[in-house]
Each structure stands twice: as structure tokens, then as C-alpha cells.
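Peer 1: Here's the letter readout for the chains.
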Amino acid sequence: MLRKLLIFATLTQGAFAAPVVEEAVPGLPAVKVQDLHYGDVLFHFYQHDHFDALVRLAAYRDQGRLAAHARDSELLRGGLYLSLGQHREAQQIFERMLADPSTPPPVRDKAWFYLGKVLYAAGLFEESERALRSSSGTLPAELDAERQLLLAQGLMYRQRYDQAIAELEGWQGPRLWLAYGQFNLGVALVRVGQKERGLALLDSVGQIVTEWPELIALRDKANLAIGYAHLQAGEPAAARAALDRVRLSGPQSSKALLGAGWADAAAKQYEAALLPWQELQGRDLLDAAVQESYLAVPYAYAELGAMAQAVDYYEKAIAEYDTERSRIGESIGAIRSGRLLAAALQAERDGREGWFGQLADVPDSPESRYLYHLLAGHEFQEGLKNYRALEAMSKNLSDWSDSLGAFTDMVETRQQAFRMRLPAADARLATVDVATINGRRDELHARLEAALAERDLEALATEEERGLLDTLAGVDAELARHPGDAAYEDAREKARLARGVLLWKLDSAWKVRSWQANRALRDLNAAVYDARTRETASSRAREGAPERNAALGVRVRNVSPRVVALAVRVDAAKSAQGHHLADIAIEELEAQRQRLDEYSVQARYALATIYDRATADAPSATSRGTTP
Amino acid sequence: MRYFLLSTFAAVAASMPAVAQDAAEPAAERSALDAEVQALRRDVVDLNRDLFMLEEDLLFPASTQIAVFVSMDIGTFFALDSVQVKVDDKEVANYLYTERELEALKRGGVHRIWLGNLKAGEHEVVAFFTGQGTHERDYRRGATLTVEKGVGAKYVELRISDRVRKLQPEFVVRVWE
Numbered sequence: 079m080l081r082k083l084l085i086f087a088t089l090t091q092g093a094f095a096a097p098v099v100e101e102a103v104p105g106l107p108a109v110k111v112q113d114l115h116y117g118d119v120l121f122h123f124y125q126h127d128h129f130d131a132l133v134r135l136a137a138y139r140d141q142g143r144l145a146a147h148a149r150d151s152e153l154l155r156g157g158l159y160l161s162l163g164q165h166r167e168a169q170q171i172f173e174r175m176l177a178d179p180s181t182p183p184p185v186r187d188k189a190w191f192y193l194g195k196v197l198y199a200a201g202l203f204e205e206s207e208r209a210l211r212s213s214s215g216t217l218p219a220e221l222d223a224e225r226q227l228l229l230a231q232g233l234m235y236r237q238r239y240d241q242a243i244a245e246l247e248g249w250q251g252p253r254l255w256l257a258y259g260q261f262n263l264g265v266a267l268v269r270v271g272q273k274e275r276g277l278a279l280l281d282s283v284g285q286i287v288t289e290w291p292e293l294i295a296l297r298d299k300a301n302l303a304i305g306y307a308h309l310q311a312g313e314p315a316a317a318r319a320a321l322d323r324v325r326l327s328g329p330q331s332s333k334a335l336l337g338a339g340w341a342d343a344a345a346k347q348y349e350a351a352l353l354p355w356q357e358l359q360g361r362d363l364l365d366a367a368v369q370e371s372y373l374a375v376p377y378a379y380a381e382l383g384a385m386a387q388a389v390d391y392y393e394k395a396i397a398e399y400d401t402e403r404s405r406i407g408e409s410i411g412a413i414r415s416g417r418l419l420a421a422a423l424q425a426e427r428d429g430r431e432g433w434f435g436q437l438a439d440v441p442d443s444p445e446s447r448y449l450y451h452l453l454a455g456h457e458f459q460e461g462l463k464n465y466r467a468l469e470a471m472s473k474n475l476s477d478w479s480d481s482l483g484a485f486t487d488m489v490e491t492r493q494q495a496f497r498m499r500l501p502a503a504d505a506r507l508a509t510v511d512v513a514t515i516n517g518r519r520d521e522l523h524a525r526l527e528a529a530l531a532e533r534d535l536e537a538l539a540t541e542e543e544r545g546l547l548d549t550l551a552g553v554d555a556e557l558a559r560h561p562g563d564a565a566y567e568d569a570r571e572k573a574r575l576a577r578g579v580l581l582w583k584l585d586s587a588w589k590v591r592s593w594q595a596n597r598a599l600r601d602l603n604a605a606v607y608d609a610r611t612r613e614t615a616s617s618r619a620r621e622g623a624p625e626r627n628a629a630l631g632v633r634v635r636n637v638s639p640r641v642v643a644l645a646v647r648v649d650a651a652k653s654a655q656g657h658h659l660a661d662i663a664i665e666e667l668e669a670q671r672q673r674l675d676e677y678s679v680q681a682r683y684a685l686a687t688i689y690d691r692a693t694a695d696a697p698s699a700t701s702r703g704t705t706p
Numbered sequence: 411m412r413y414f415l416l417s418t419f420a421a422v423a424a425s426m427p428a429v430a431q432d433a434a435e436p437a438a439e440r441s442a443l444d445a446e447v448q449a450l451r452r453d454v455v456d457l458n459r460d461l462f463m464l465e466e467d468l469l470f471p472a473s474t475q476i477a478v479f480v481s482m483d484i485g486t487f488f489a490l491d492s493v494q495v496k497v498d499d500k501e502v503a504n505y506l507y508t509e510r511e512l513e514a515l516k517r518g519g520v521h522r523i524w525l526g527n528l529k530a531g532e533h534e535v536v537a538f539f540t541g542q543g544t545h546e547r548d549y550r551r552g553a554t555l556t557v558e559k560g561v562g563a564k565y566v567e568l569r570i571s572d573r574v575r576k577l578q579p580e581f582v583v584r585v586w587e
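So the protein lines, in turn, are chains A and B.
One gets this note's numbering by counting positions in the first sequence from 1 and adding 78 to each.
One gets this note's numbering by counting positions in the second sequence from 1 and adding 410 to each.
Just chain B, with the same shape it has in the complex (with noise of 0.2 Å):
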């Protein structure tokens, strides 16, 4: 009876799983199967890359393209809701931000929130920022910018960045070309 007991007690103590098993192990020989996923899997970002850059010469071609980027640094008198872009008066964004893509903001992220077309000449835009600012406040501000729209792609960015001596947040508006 003591030997059965304290063999499975062994074998229980040998089948324990290792402590730390989530570490990270080293892949093991792969086996075809795990190869043919591999090459699959670089085939299709392969293509994805191939019909990213069709959708964009087929939709928004240089000619007409623009695309608006909101981007923010530290952050910390301003807590973003949310973005809306209009351009000549038509609304053509209206983003709300998760947490996370607060968190990918604040880390260099930018994100693009609008690719559109313009016909060449000047165009109005307009972002309205919403959110809170220091002392839990409700803020909404805007910013704009006219932009000349000539015969190659325009990009806009809309920075969030902190006015550290006045302790505010500022908005600024930016023609990358």
C-alpha cells in the first residue's frame, strides 16, 4: 500500500508540468504542416500587401488623395474622446478612441482617420476635438487649416500635444507633403 501510494505520488510529481512552462521554449523541429502554415502565412501578407497599395491606387489615386492623421503626445492635460473632421463643411470622420488606442497614441501611434479624395484647389478642414481637460473638465476645441490641393497626395495631421507653461493642451494643424 505504501509503495502504490508513494509511486503515484512519484509519477503525479514527475507528470507536473514544468514551473514555468510559459516560458519562452524554443520551438521545436517544425513539422510540414507548421512550414506549409509559415509559407502561408508569408504568402498572404504578401498579398495583402499587393491589394493594400491596388485599393489605394484604385480608390484614392495621388491625384485626388488626402488623408488626415490624428497624432499626440504626452497627453496629460488633455484626455481624448474623440475626433470629427469635416472638410468644406461636410463631416467625413467622427472617431471615438478605446482605451488602447489612447494607449497606442501616446506611444507614437498615429492614426489615420480619414483617406479621402479632393479635387485640386482649396479646401477647408476642420477637427473638432472632444474630450477632458484639466481638472476632469469637458473640452471641446477645433482647429483649421485651408489647404491647397494640387496634383499630388496631401496629408494632414492633427497633433495633440501639451503647452507645458500654460498648462494646457494645444491643437495643431499640420500639411505634410
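In isolation and in its complexed conformation, chain A is listed as follows (with noise of 0.2 Å):
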């Protein structure tokens, strides 16, 4: 019976082991970034910021600034909702990526793998071994293996060991994975019943040599399991060398420690076994090891015929359990005062990074006291996570409240400064007229087009030279009006001999002049364009401004009742869930207060049964003590 008991701890169905995929595989590859945006959404999701990520991917999406990612960025958004634990969200985004045909197959292998995980974690497992079948085996190496394990853990879940076994026998993976693929084998065939094959290869797990905390932490878990198998099997020896390798430090040490004090009490080593089962009581009562280790003390006590220790040690077990049993009702009373959420949330904001580790080190109050253990049960820590993220959403709303305030001060400051604004602006705008400044450009064009086809040399005079040519052309009009007279002839000459020197000037700078007034046109063209551009754009913004702040508005008018009613929401449910949590607390303190209780009876039981045969034996002063 203790046989199967044993087998059925150490072995039962949830003992499949798994690593935690973005903590333990690092440098997974580099994305080459084709969308700045999705860049953005990476840099969030890289540092486990999945809310934010999800927010920016949405919204991004939405903003048709992700078309480059399409695929991947999908691929993405159904990763982020499953990592929040929107399964349904999740399912959808893959099923509909399967569905399009025009899906590549890396992508659709991705969405297969992901989809699978979902099912897989929604329990219908069936669903999820089609679709990590499904995949045609372009998936990357560490999803791969990962999606291997899936579908071997899928088949243990289902007790189909045969076929978990054949999954992974002379399956080769990466270096963790392969380890958890090892240990679930060998958990698997020790299922089946080809204990020795089991044991060796969570032997070959138990001595890994490694840095990497999951796998030691892995070794640990492997060792305590073969431990405990030799130790229901009769073979001490052998259970003492695997649980020695079991850290001192680590979650699993309290187990080995008392199967380390079985192993040698086994081997009738009842003095060795006192060293593991004294370690233990210095520490939590809760841990089941611990207790235990409060009636295997006395009992080895007895064995080696030390009636006086073993009596003083029961003694102080009862004394231990009722301490411990009065301190579960100070907590209970605590948790029901709803001190025990504030204890929980302030032990994460001290720890942040590996919060759950460090809380062995929270306060010992009575609404802090057993954090940790309640932190050990899967139900209490699921409806932690759920109470954690209504506290982030309840702020996250609260901080949008205040946004939203100030949004509509905007708006309507805005509007106000636009009122008050526009009648100068349109008077300034009248007096630019961009029309009349483009038509007088078109003119200086053509005109120089035109001088510059016929070579209109006093087309491009300076005013200087224009008042030369001007008085020249007043000097030839006077010499007109006297034809043959001789008398003119001295200033004819001299008039032809300016003309000819201003002449002979204006063509040496022909071809300065012309490079410059073209030019000088380019820059006017310029300047026109600017002009006209600000123009449209002032006009634009003048006849659009009203109607785009009328807009966002309405967007803001509109949004702020469903940040309310959310807020309302999110309230309801954090109070339910923090009731909910208190209950669960409850009812493992309240669980673990009884067990301490039968304790208690069965040390009284014990010490009751010393006495009655010490007072059996009483007149013989050399009885030996008692046979357990």
C-alpha cells in the first residue's frame, strides 16, 4: 500500500515537467525590424511588458502602421493574449490565420504551435495534439522541442504512456528541453511499469551538471522522485544517495530531509536519522515535511530506547502544534479583516523580480505569516495573478480618468483659442494674395524666356545702365529732329560711341546676368511654392480646425462613460476576487489547523502509549522501553 502511495506521489499525473519557455531559453534570434512601430511593440514585449505591447500592437494595427509585419505582427498579437491568458482572443487570431490560404508555412507551422498551446492549456487536450501535429516542420529548434514536449505531456495527461514514451525515446533537443523530455520518459516508463529504465534516466537528470537554475532546480525534483521511489521499494541505500544530491536550500529540501531520515531509520540507523528530522524542525510548520518531522524525532527517540527524549520531544510537538495552530487563528482572523491582499501586494512590489522567491522573507505578522505556503497552492496563486491584474487595470483606468479631464480642458481650450484667434488670422490671410504674386512670377518668366531666346541685351541692364540707355535714346531722338545739319555731326559720333561702349558692357555680362536672373527665378519659384503651400495649408487648417476638434471631442465625450463603467466593473470584480482569495486562504489554513490538530491527538496518543508502558513496566528498572 505504501508502495503504490508512494509511487503515486512522486509519479502522479502532474508531475510533468516543462520549462518556463522566455525565462530559460536566452538569445533567442534577432528580428530584422521593417516597421519602426513594430520595432516599438518588440521593444516592448522583449522586456515582458505584454499589456503595453498588446495596447501599442492594437492600436498600431489600427493605424495601418504595421504592414510590413503583417503576418508576424498576428502571429504576435495571439502571443500576447495568450501569455495574458486570453485564450479565446488567442484561438481566434490563429484559427483565422489557418484559415486564410494565403498563409506561408512557417507561419502557419508558428500558428499550429500557438493554437496548440492554447488548447492545451485549456485542457482538451485532443484538440491540441491535431494541432501540433499539424505542423509541416519548419518550426525554429526551441519551439520545436517545445511543441514535442506539449504533445508528449498532452498523452501523459491522458495516461497514454505508450504513446508519451514513444514521443520521446530518441528524441534529441536543445539542452533544457531535452532534460524535461528525460524526466518526463522517465516518468512515463515508471507508469508503465519499467521502473529500473524510469529510474535510470531521472538518474541521468539527477546528476546534470549545470548553472542554470530551472535544471537545478529540475536535478532537485528528479532526485527527490527517485529518492522516494527506492525508499518504497526497500532500498535505503540507494534512496539516501539521490536525496543527498537534493539541495539544502532549495523548495524541495524539507521532502528529501525527511526521506533522507526514512531512508536511514530503514536501515535501522536511528541515530542518522535524528541529523535530517532535527534539521527540519527549526523551520515552517506548514510544510507537511516539517510536521512529520516532529513525530519521526520522538519516534526514532524511542527506537534507540531514549524514553526521556522521546517523551520530551513528543511534549514539545504538542506544544509546536498548538503554537502553530493558535498563530493559523490569528491569521485566519487577519485574512477575513482583508489585511492579507495588502501583505500579498506590497511582499511583490519589495520583491519585483522573483517576488514568489523571496517572500520566505516577509514579515512574520499574522496576515504575512503564511504567504508563502498559500503561495505554493496553484488556485490561490492563479486567483493572485487575476487580483494583480485588477489592481493594474483599476490604476490603469484611474490614470486614464485624470487623462481625460485634461483631454477635454484641451479641446475645449483650443476651441476657445481658435475663436479668438481667427479674425486676425483671416485679416492677415486677406492680404496675401498668392494668385496675383503667381501670375506676376508667370510674367518675369516669360519675359525672360523671351529675352534670353532673342538676346534682349537691355533686358537685363541695371537701373544705371536702364538711365544710360534712356538718355541716349532722349540724345537720338534730339539728333533726329536735325538731320545733315553738320553742326550735330561731333555729337552724333559721340552719341553712337556711348551707345556702342554701354552696348559692348552689357554684352561682357550677358552671360553672368542670364545665369543670374535664371537663378534668382529658380529662388522665386521656390518662395512661390512655400507660399502657396502655407496658404493651403493655412486655409486648410482654418476651414478643417473647427471640425477636427469638434471630433476629437466627440471621441472624448464618447470614451469617458466607458472608462466609467469599466472602473465600476473592475471594482466589483476586485472585491469578489479578494473575497474569493481570503476563502481560499481560509480553507487551507483551516485545513492545515486540523491536520496539525490530528497531529497533536496522534503525539498525545503516542506519549500516552509511552507512559501506560513505562508504568507497565515499572517494576522491572531495567525495561528497555517500549516496541513501536
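In case anyone wonders, no lab produced these hints; they're calculated from the structure.
Just so it is clear, the structure is predicted and the values come from calculations on it, not from any experiment.
Don't take every hint at face value.
Straight-line Cα separation of at most 25 Å, SDA-like style, residue types lysine to any residue; simulated pairs [as the list claims (entries may be wrong)]:
1) K652/A <-> A412/A
2) K110/A <-> E511/B
3) K559/B <-> N603/A
4) K559/B <-> D601/A
Now the in silico label distances, taken between C-beta atoms and shown as ranges [said to hold, decoys possible]:
5) T544/B <-> W290/A: 50 to 60 Å
6) T554/B <-> E621/A: 34 to 44 Å
7) N516/A <-> V582/B: 35 to 45 Å
Listed next, the stretches of chain B that the computed footprint assigns to chain A, with coverage defined by at least 3 CB atoms under 8 Å from CB atoms of chain A [stated by the list, open to error]:
8) 453-462
9) 492-503
10) 572-585
Backbone N, C-alpha and C fix where the C-beta goes; we use that ideal spot for every residue, glycine too.
Each of the two chains sits in its own frame; use the hints to bring them together as a complex.
Peer 2: The structure is reproduced here in C-alpha cells:
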């Protein structure tokens, strides 16, 4: 009977192991980003800020900023929903991608994989297996390894150990995954009765040399399983060897110490058994192994014939059980008054990363004393996760509520400012006639073109030269009134000479001036273009601004009631979740108190038995004591 | 006595947590409360998406919007500490990176270091990268770009990459439309 219980306990259905992917697998391949906004989503995703990543992804998608990563981003969206525990949304996304015939095989394979993961998490193992088997072999090595393990674990949950063995036997994967695969294969083999092969595999996991915390934890689990299996098979030496490999400070250490004591006791080494059992006595009394040790120590003393110490230790056990029961009573009172959640959240804030591991150091107050123990329970952990999510949502909504107030003010201020500035802006706009400027620019352009075509030297004359040309024209007109008059001959010659000099100067400067004129015209073109653009932008802004402001005002007004309504729902859910957590905690602590009651009764019974036998043996002063 | 001890031992063994309890254990039936938390989370994500877009439209309309992003490839020759961004000689961002953020950058994440507004026309964007170059030498480099801001949103990428041939980091400023 004991053997069956042990096997069941150590290699039970829930004993399969899978690593925590994101934390455990460093150096996932870098992504070549083709849309900056997709990179922004990844920046948050890689920091495990999944909520923010999802919000940005959804917003950028709606804004059409993820065109180059349409499929990747959809896959990521599904993955983010999955990581937030939103299985239905994740499933819908993956199914939609798979229904699209244009989805390329690598993306399709990933979608199958994630869909399989969603279905697995929902406990739909048949459907999960179908999805996981649909991958066509293009998955990256890490994902493929996880796929293989999920397949095997799904089979093991359905007690199809032979199939799980077939999946895992001979399978090769990355080191971390391989270790988990071997662990699970070992468990499956033991479950089908191939104990030796199973234990040999678990032994190989139990002797892994690694610095990787997750593998060290797996190694401890494997050694504990091997130890208890050998213990149950009546092989105390082998059990001791495996249990000695479990770390003294890890989460499995109490069970390993208890088992080590039992291994020594099974070998009739009661003094040796006292060592690990007494080590347990300074530990948390809510730990089943510690509770057991309080009965095991006096049992060993009794076996050694040291009845006085046995009595002392049974009395100590009774006192410890009673103290602990009363401490549990205090804690239940504190939890009922609602102080547990504050303590849990405070511990989280203090711990930040790896906060669960640090909870062993939480303050010894009634509300926080048993947090570590409670958090070891899956249901409490899940409940607390929900509570924390609700707390985060509540804060998020409160922040947005404040922002929306500012948004409303902003929209109103803009509308008011627009109304105030409009007349002045209109007046200024009215003074600018870009069309006329445009016309003048066109006329100038035409004149320059004509001058250049006809090499009209005078067209590019300076103001001074133009004055001289006008003077010469006046002189020529005066001379024309005296044709053939010899008295004007000298003047006529001078005028001809002056014109010749002026035209020569104009001709020499022609090349430079025509280049300058062209350049000035180009600058003018640019200036006119700018003016036109600004005029268009100004009138567009002027015309569209009231509508845009009004539309923003409507959006702010429409979204406000959504924030309020959600905040009400979140508060209600938070309160319900808080009560639910308190119920779980109280139920667990009540069960512990009852168990301590039972232990206490058993210790009293053992004590009474010793006294009875002592009384019965009283005439014989050399009696050795009880034979339990 | 022996019977009592053995039964206690068995009880301890049976109550021992599953050996690999932290394995991905499938969720059992979800309670109504779980379902409500799920529904709330979805609604809050949707609401946040709408508010995110509303905030951007309100504070940084496309006509004036400019965003500056920092990206990095392998980063072998440069360990980034901080980036300072100046626009038209005015500091608009000065960001000190954490290890976690640097890891996100190396894996392909892109950090939107500044989102702001600029009027149409030419603007000068200057970025200063501070960190450690090869041989753990302190390193500060600048990169400049003149940006022509039109009517649409403008995105500027500050990219840190490895110039393998010269065993040097390279700082590139690029404009995306």
C-alpha cells in the first residue's frame, strides 16, 4: 500500500515537467524590423511588458503602421493574448490565420503550434494534439522542442504513457528541453511499470551538472522522485544517495530531509535519522515534512530506547502544534479583516523580480506569515494573479480618467483659442494674394525666356544702365530732329560711341547676368511654392480645425463613459476576487489547523502509550522501553 | 505505534506536491469570476488601444508629428549607456538605458525615444550616443540630420550598428516616411 502511495505521489499525473520558455531560453534570434512601430511593440514585448505591447500592437495595426509585418504582428498578437491568459482571443487569431490560404507555411506552422498551446492550456488535449501534429516541420528548434514536449505531456495527462514514451524515446532537442524530455520519459516509463529504465533516466537528470537555476530545480525534483521510489522499494541506501543530491536550500529540501531520515530509519540507523529530522524542526511548521519530523524525532529516540528524550520531543511536538494552531487562528482573523491582500501586494512590490522566491523573508505578522505557503498553491497563485491584474487595470483606468479630464480641457481651450485668433488670422490671410504673386512670377518668367531667346541685352541692364540707355534714346531723338545738320555731327559721333560702349558692357555681362537671372527666378519659384503651400495649409487648417476639434471632443466624450463603466466593473471584480482569495486562504489554513489537530492527537496518543508502558514496566527497572 | 508512523509517512508522501508542479498545468474549468476577469482584460485592452490613438491624435496630430526611434543590431563594438536628442539645438530627450532595455534593443526591439511636434520646414536633429566602445573605452558620438518636415508624420531612426570591417560601431540617422 505504501509503495503505491509513494509512486502515486512522486510520479503522479501532474509530475510532468516543462520549462518556462521566455525565461529559460536566452538569445532568441533577433528580428529584422521593417516597420519602426513593430520594433516599438517588440521593445515592450521583450521586456515582458505584455499589456503595453498588446495595446501598442492593436493601435498601430488600426493605424496601418505594421504593413511590412502584417503576419508576424498577427502571430505576436495571438501570442500576447495567450501570455495574458486570454485563450479565446488567442485561439480566434490563430484560427483566422490558418483559415487564410495565403498564409505561408512557416507562419502557418507557428500558428498551429500556438493554437496547440492554447488548446493544451485549456485542457483540450485531443484538439491540442491535432494542432501540434499539423506543423509541417518549419518550426525553429526551440519551438519544435516545446511542441514535442507539449505533445508528450498531453498524452501523459490522458494516461497514454506508451504513446508518450514513443514520442520521447530517442528524441533529441536543445539541452534544457532534452532534460525535461528525459524527466517526463522517466516518469512515463515508471508509470507503465518499466521502473528500472525510468529511474535510470531520472537518475541521469538527477546528476546533471549545471548552473542554470531551472535545471538545478529539475535536478532536485528528479532526485526526490528517485529517492522516494527507492525508499518505497525498500532500497534505503539507493534512496539516501539520491536524496543527498537534493540542495539543502531548495523548495524540495524539506521532503528530501524527511526522506533521508526515513532511509536511515529503514536501515535501522536511528541516530543518523535524527540528523535530517532535527534539521527540519527549525523550519516552517506548515510544511508537511516539518510536521512529520516532529513525530519522527521522538519515534527515533523511542527506537533507540531513549524514552526520556522521546517524551520530551512528543511534548515539544504537542506544544509546537498548539502554538502553530493558535498562530493560524490569528492569521485567519487577519485574513478575514482583509489584510492578506495588502501584504501579498506589498511583498510583490518589495520583491519585484522573483518576488515569489523572496517571500520566505516576509514579515512575521499574522497577515503575511503564511503567504509563502499559500502561494505554493496553484489556485491561490492563479487567484492572486487575477487580483494583481485587476489592481493594474484599476490603476490604468484611474490614470486614464485623469488624462481624459485634461483632454476635455485641451479640446475646449483649443476651440476657444481658435475662435479668438480667427479674425486676426483671416485679416492676415486676406492681405496675401498668392494668385497675383503667381501671375507676376509667370510674367517675369515669360519675359526672361523671351530676352534669353532673342539675346535682348537691354532686358538685363541695371537701373543705372537703363538710365543711360534712356538718356541715349533722348539724345538720339534730339539728333533725329536735325538730320544732315553738320553742326550735330560731332554729337552724333559721341552718341554712337557711348551706345557702343554701353552695349559692349551689356554684352560682356550677359553670361553672368543671364545665369543670375535664371537663379533668381528659381529662388522665386521656390518662394512662391512655399507661399502657396503655406496658404493651402493655412486655409486647410482654418477650414478643418473646428471640425477636427469637434471630432476629438466627441471622441473624448464618447470614451469617458466607457472608462467609468469599466472602472465600476473592475472594482466589483476586484472585491469579489479579494473575497475569493481570502476564502481559499482560510480554507487552506483551516485544513492545516485540522491536520495539526490530528498530529497533536497522535502525539498525545503516543505519549500516553509511552507512559502506559512505563507504568506497566515499572517493577522492572532495567526495561528497554517500547517497541513501536 | 509503527502503524501510526507509517500512515503519517504515507500521508506526507501522498500530500507531497507534484514533483514538477511548476510545469505548464492546464487550466481547469474557469469560474465565472475568471471569465469576468478575462472579459474585463479584453475590454481594457480595447479601451487602451482607443485611448492610445486618441491621445496621439490630440497631442501629436499627423500634420506636426515627429517621432525619433533608437535601434541597434548586435552591438558588439558599442555598449550603449544613453542617448540624447536635440532638435534645432533644443534638448528633447535624454534617455539612460537599463540592461533589460538594452537586451530588448539587441533582440530587434526599437525604442521610441521621443514623440513630439514640429512645424513644416527644415529642422536639424542631432543625436549623441554615450557608452563604451571597444576595450571598454568611454565613447561619445554624435550624428546629425536635417529633416524636412512636411504635412505628414515624420519618423527618424537612430541606428547603432557594427561596422565589422573596421571593428567600430556605426551611428546612422535615417528618415522614414
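Peer 1: Determine for every hint whether it applies to the structure shown.
Peer 2: Structure-based check of each hint:
Of the supplied pair hints, the one linking K652/A and A412/A holds, its CA atoms being roughly 19 Å apart against a limit of 25 Å. A distance of roughly 17 Å separates the Cα atoms of K110/A and E511/B; the hinted pair therefore holds under the 25 Å criterion. For the hint linking K559/B to N603/A, the alpha-carbon distance of about 19 Å falls within 25 Å, and the restraint holds. At roughly 20 Å between alpha-carbon atoms, K559/B and D601/A fall within 25 Å of each other, so this suggested pair holds.
The given range of 50 to 60 Å is broken by T544/B and W290/A, whose C-beta atoms sit roughly 30 Å from each other. The beta-carbon spacing between T554/B and E621/A, approximately 37 Å, falls within the hinted interval of 34 to 44 Å. With their beta carbons about 40 Å apart, N516/A and V582/B fall inside the hinted range of 35 to 45 Å. Coverage of the segment 453-462 of chain B by chain A holds [criterion: at least 3 residues with CB-CB distance below 8 Å; count 10].
Chain A is given as covering the segment 492-503 of chain B, and this is violated because 0 residues of the stretch bring a CB closer than 8 Å to a CB of that chain, at least three being needed. Interface restraint, the segment 572-585 of chain B with chain A: violated (0 residues with C-beta to C-beta distance below 8 Å; minimum three).
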